[in-house]
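Engineer: Sequence:
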Amino acid sequence: MQLNLSELTSKKNLLAFSAGVDSTALFFLLLKDEIKFDIAIVNYNLREESKEELEYAKSLAKKYDKQIFIKEVTLTGSNIEKNARDIRYNFFEEIITENDYDNLITAHQLNDKLEWFLMQLSKGAGLVELLGLQEYIDKENYKIIRPLLHTSKQKLEEFLKENSIKYFVDKSNFEDKYRRNYFRHEFSNRFLSEFENGVSKSFDFLQKDLKSLNINYTPIFKEKSLTIFKNLHDENLNIKVIDKHLKKEGFLLSKAQRDEILKQQQTVISNQVSVCISDEFIWICPYVIKTMNKKFKEFCRINKIPKLARAYIFNRKIDEKEIVKTIYS
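Residue numbers (this note's numbering): 7 to 335.
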């Protein structure tokens, strides 16, 4: 089972732990990939098994040399699910603030994402609400990361059984008085058992579409046929900006050309258009071959003007200093 854990490497991470299938599987997957982390667990004292789950969490922390943070609470009143969530996340944020953690890792998985989607769909929701469970969420002083969102609960259970890893099952997950459980048992689990691959791909496409809705297509610099955009630090967004701009110029990119741009970062398309994706900007202009003087080339080098854009700027006598002043202002 391969997870994308690059955001957790060399960071101080806190895992929200419960001893259930999801968080236990994630605990051992993080160990397997040598990701450093500590754990936090909340005991709501709603079930007898919660004491055993807490002891199991303590034993794992001791065995694998993890710091463990524990909160004991007694939940009462109505809307227990919301109250539990509020208590849990307030506790996590206290730990993160006091101990300078970079990331909070939660074990939400593909079934959770589909359950949420169906719950929102049943109430009437837009794309943002339907895709409420995001893989990365930037908070004020930390990031929430959910590395299991592409992995089904069934696969996590298989991983635990194959490796003879102990875990607990929360019996309240089988009570249909909770709205989420109704969607889980009546719809999402059964649907995923047959169409897991398609569901995962659909969520990927929807996520890309959601990001695309927020694209800023306005260039930060434009003179003659030189156009410069901000690098949006997302391949899907960057290629949409490039594609839309070139369409306006009457140049239609093929899929192979889009793939080439993303792979090479600085390339010439059909011997006509230079496209350069630098650390901060996207440069687009006609491809030109022109001899340039040393002073101009040195200025471009120092100010990180891409090589494939320099000849056009020099040939059309665009003020290179004005370019730099504008894009860095």
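Hint data in this document are derived by calculation from the structure and do not stem from the laboratory. Wrong hints could be hidden among the right ones.
Derived CB-CB ranges, DEER-like [stated by the list, open to error]:
#1 Gln278 - Lys42: 47 to 55 Å
#2 His239 - Glu58: 42 to 50 Å
#3 Asp176 - Lys261: 15 to 23 Å
#4 Asn237 - Lys261: 55 to 63 Å
#5 Lys313 - Phe197: 16 to 24 Å
#6 Leu52 - Tyr223: 36 to 44 Å
#7 His239 - Ser260: 43 to 51 Å
#8 Arg91 - Lys42: 39 to 47 Å
Think about it this way: if two alpha-carbon atoms lie no more than 20 Å apart in a straight line, the pair counts; the simulated SDA-like pairs of lysine to any residue are [unchecked claim]:
#9 Lys331 - Lys253
#10 Lys217 - Ile150
#11 Lys253 - Val274
#12 Lys253 - Pro292
#13 Lys301 - Asp325
By construction, the Cβ of each residue, glycine as well, lies at the ideal position given by its N, Cα and C atoms.
Engineer: Of the hints stated earlier, which fail here?
Structural biologist: 3, 4, 5, 6, 7, 8 and 9
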